[in-house]
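In order, the protein sequence lines correspond to chains A and B. Its first residue numbered 0, the first sequence is counted upward by one per residue in numbering that gives the first Met the number 0. Its first residue numbered 0, the second sequence is counted upward by one per residue in numbering that gives the first Met the number 0.
Calculated from the structure, these hints are not laboratory results. The C-beta atom is built at its ideal place from N, Cα and C for all residues, glycine as well. Check before you lean on any hint, since a few could be wrong.
Estimated spans, in silico, between C-beta atoms of each pair [said to hold, decoys possible]: (1) Thr35/B - Pro218/A: 32 to 38 Å; (2) Leu284/A - Glu2/B: 57 to 63 Å; (3) Arg13/B - Ile117/A: 38 to 44 Å; (4) Glu106/B - Tyr33/A: 30 to 36 Å; (5) Arg60/B - Leu284/A: 55 to 61 Å; (6) Trp172/A - Ser20/B: 55 to 61 Å.
Computed list of lysine to any residue pairs in SDA-like fashion (alpha-carbon distance at most 25 Å, straight line) [said to hold, decoys possible]: (7) Lys51/B - Arg106/A; (8) Lys51/B - Val191/A; (9) Lys132/B - Thr293/A; (10) Lys132/B - Val191/A; (11) Lys115/B - Ile193/A; (12) Lys51/B - Leu101/A.
Take a look at the letters that make up each chain.
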Amino acid sequence: MAASRMLRKPISDRTLCTLFLVPSLVILAVMVAYPFLSLLINSTYRFSALRSNVEPVFVWLDNYDFLLSDPDLWDRFTFTGTFVVLTVSVQFILAISVAYYLQRDFRGRDLLFTVLMIPMMLSPIVIGFLWRYIFNSEWGLMNFFVTRLGFDAIDWLGVTDNALIAVVIADTWMWTPFVILLAVAAFRGIPVSIQEAATIDGASPFFRFTRLTLPMSAPILGIAFLLRLIDSFKQYDLFFALTGGAPGSTTETVSFYLAKVAFSYFYTGEASALAVIQLVIIIGLSLIFVRLLTRIGRQRQ
Amino acid sequence: MLELNDLSKRFGRRVALDGVSLSVGEEEILALLGPTGAGKTTALRCVAGVEKPDRGSVTLRGEDVTRTSPMFRDLAMVFEGFNLIPVLNTFDNIAFPLRSPVHQSPEEDIRKMVTKAAADLHIDHLLDRPVEKLSGGERQRVAIARALVRRPAAYLLDEPLSALDLKLREELRVELRALHRSHRSAILYATNDYHGAAALGDRIALIDGGRIVQTDTLATLIDHPQHVLVGKLIGSPSMAVLNATSRDGGVAIDGTDHVVSYAELGIAAPAGGQVKLGLWPEVIELADHELAGALQGTVQASEFRGLERVVQVELGGQTFRKTVATSFDATFGRPCWMRFPAARMFVFDGETGVRIGKAAPDLAKR
Chain A
0 MAASRMLRKP ISDRTLCTLF LVPSLVILAV MVAYPFLSLL INSTYRFSAL RSNVEPVFVW
60 LDNYDFLLSD PDLWDRFTFT GTFVVLTVSV QFILAISVAY YLQRDFRGRD LLFTVLMIPM
120 MLSPIVIGFL WRYIFNSEWG LMNFFVTRLG FDAIDWLGVT DNALIAVVIA DTWMWTPFVI
180 LLAVAAFRGI PVSIQEAATI DGASPFFRFT RLTLPMSAPI LGIAFLLRLI DSFKQYDLFF
240 ALTGGAPGST TETVSFYLAK VAFSYFYTGE ASALAVIQLV IIIGLSLIFV RLLTRIGRQR
300 Q
Chain B
0 MLELNDLSKR FGRRVALDGV SLSVGEEEIL ALLGPTGAGK TTALRCVAGV EKPDRGSVTL
60 RGEDVTRTSP MFRDLAMVFE GFNLIPVLNT FDNIAFPLRS PVHQSPEEDI RKMVTKAAAD
120 LHIDHLLDRP VEKLSGGERQ RVAIARALVR RPAAYLLDEP LSALDLKLRE ELRVELRALH
180 RSHRSAILYA TNDYHGAAAL GDRIALIDGG RIVQTDTLAT LIDHPQHVLV GKLIGSPSMA
240 VLNATSRDGG VAIDGTDHVV SYAELGIAAP AGGQVKLGLW PEVIELADHE LAGALQGTVQ
300 ASEFRGLERV VQVELGGQTF RKTVATSFDA TFGRPCWMRF PAARMFVFDG ETGVRIGKAA
360 PDLAKR
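Pulled out of the complex, with its shape left as it was, chain A reads as follows (with noise of 0.2 Å):
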C-alpha cells in the first residue's frame, strides 16, 4: 500500500532539477572548489610540501609580495606576454585564410578535415620532442632545408629569440588546424543567399569577406580566441619537451616557472600564490572578452 501511494505521487518540477544537480554539483565542489580553496589558503602560509615535519607559517600576503617585486617572474610574464601574442596571431591569420578557401565543398574534403585534426590529438610533450629533433642545428629537418636554400645553419634552440619562433611554429602547427576547422564552420554558417544578395549590390569577394564574412562569424571565431589565448598563456609542456626553459631560463613561461617553484624548488606556499595571480590573470582576461561576445550578441538581437 504505501509503496504504491509512494509511486504514484508525482516528483516535482523543483525536486527532479535537485536531483539532477546534486551529483555534478558534488563533483563539482570537490574537483573544483576544494582545490581552489586550498590553493588560497596555502598561497598564505610558508612552507613547503617537501618538510611535511615543519610546521607551516602564516605570512599573510608575504608570498604575494616576494612574486610581484621578483623581476625574474615579470621577465616570464613578459616572455609570456610575447609568445601569446605571438603565437595566437600567426595561428589566427593562417588558419582564417586558409579557412576561407576550404569553406566550398570539394572532394577529400572530409579527409583532409580528419587529417587536420591529428596534431592537436597528440600529446604535447610527443610534439615537442619530435619538433627538438626538427629544430636539432646539427642534423634537423629545419636546418636542413635553410642550408638548401643557401643560408647559413640557425642556432634554433641555443638563441632565445630563436627558440621562441621555434615553439610559435610548433604551436601554430599544433594548434591551427583546430582554429582552420572553427572558422571554416563559422564561415559555412552565413547563408549563401546573402552573400549572393551583397554580390548583387557590387561587393567584391575582398570587400564581403571584411563587411560580412568576419563580422558575421566574429562569435565563433571570438570563442575560438579566448580559447587559445587562454591555451597559450598557460603553455607549459611544449616548453618542457622543446627547450626545457633553455637557454638559461630565458624561455620559461610563467606556468614553467610555476612548475619548477613548485616541483624542483618545493616552495609550496610561493607556487600556490603565483598559481592565484594566473588565475586572477585568466579570469580577468575571460571575462572582458566575454563581456566582449555578449555586446557582439545583444548587438544582434
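Mind docking chain B on chain A? Use the hints.
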C-alpha cells in the same frame, strides 16, 4: 532593355526553367506570375547571375551579360528571404550597395540617398535600429529600400510584398507604382499573387512548370487566353474550367446533357474528343432561383466577404467559383441555376490545354 532568351535550367532531374524568353521594356514593369515552384525565382536568379542557366542568354541594355559576374551586371534585386546583413543596422543595410567597390559613392550622397529611400518606404524612423530587431514587414521594406536606393539598369523583385499584411501590401503597391513613375526603370516583378501582378504589371508573363504560358497585358489575357493555365492563374476567383466532350455537332459539358454547338462557339470540330470549356466567372449568370433554360447545379461551399460572397458551385461533378451578391442564398447543398453565354466561352484542347479556334490575329505574331 532586359531580355531573357530561351533560358533553361535543371537541378538534377527537376526542370526549373524550360526555354523561358521574356523581354522587359525600358520603362516597363513586367509581372512574372506563377504558382510556387513555377521557376520564377530561378529565372530572376539567372538574370542576376547568381545562377548559371544551362542554356540561353540574358541581354541587358543590348549587351549579352550571360557570362558577366553578378557584381558588374548593374542590377538590384529584392529577395524573398530579404537577405539583410544581420551585423549592420538599417541605415548600413540600405547603404550597402552604395558603399560596395563597384557602386561606391561619397558618404554625404549616401546619407541623402538612404534617407530618401527610407522615407519612400516609411522606415526612416528605423534607420539606426539593428535589422535583427525589425519585424518581418519592416525587414521586407528595408530589403526594398536597399534595392531602390540605387538606379540600376533593371530591378528584380522576388515576391517583394509577401511578408506584409494586406493593408500595407496594397499601400506599398501604390507606392511602388509611384516610385516607378519617378525612377522610370525596367522592373521584373515575380509574384504568385494575382492582385499584385494585376496592380503593378504593365504586362503579365504567366509561368508554370518552368515554361512561359503567355505574356500580355491583363486585358488581352482576359479577352484572349491562349492556354487553359491562363484561366487558372488570372482572376479571383479564377476561370471556370469545365471538362467537356465533343459530340453531336457541338461540345457537351461532362456530367450534364448541355451541348453547345460549334457554330455558337465559333470553332471547327476539334480533333480530339476531350476539350475544356473556359468561362470567366463574371460572365456566368448564376441565380438561387430557377431560370428559364438554365442548368441546375448545387452550392457546395460559400465564403462570406462582407460586401459580397464567393460561392463554389458543383455542376455534373465539376466545380467552379464565382462572386455573387450577399443576398444570394448560399445554403450548403441548395440547388442553383446558371447560364453560360456561348459567345464568351473559350475552348481549350483537353490534353495540351492550348486554345482551340479563333485565336486573336494580333497575338499570333508575338
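Of all the hints numbered above, which does this structure not satisfy? Sort the numbers upward. 4
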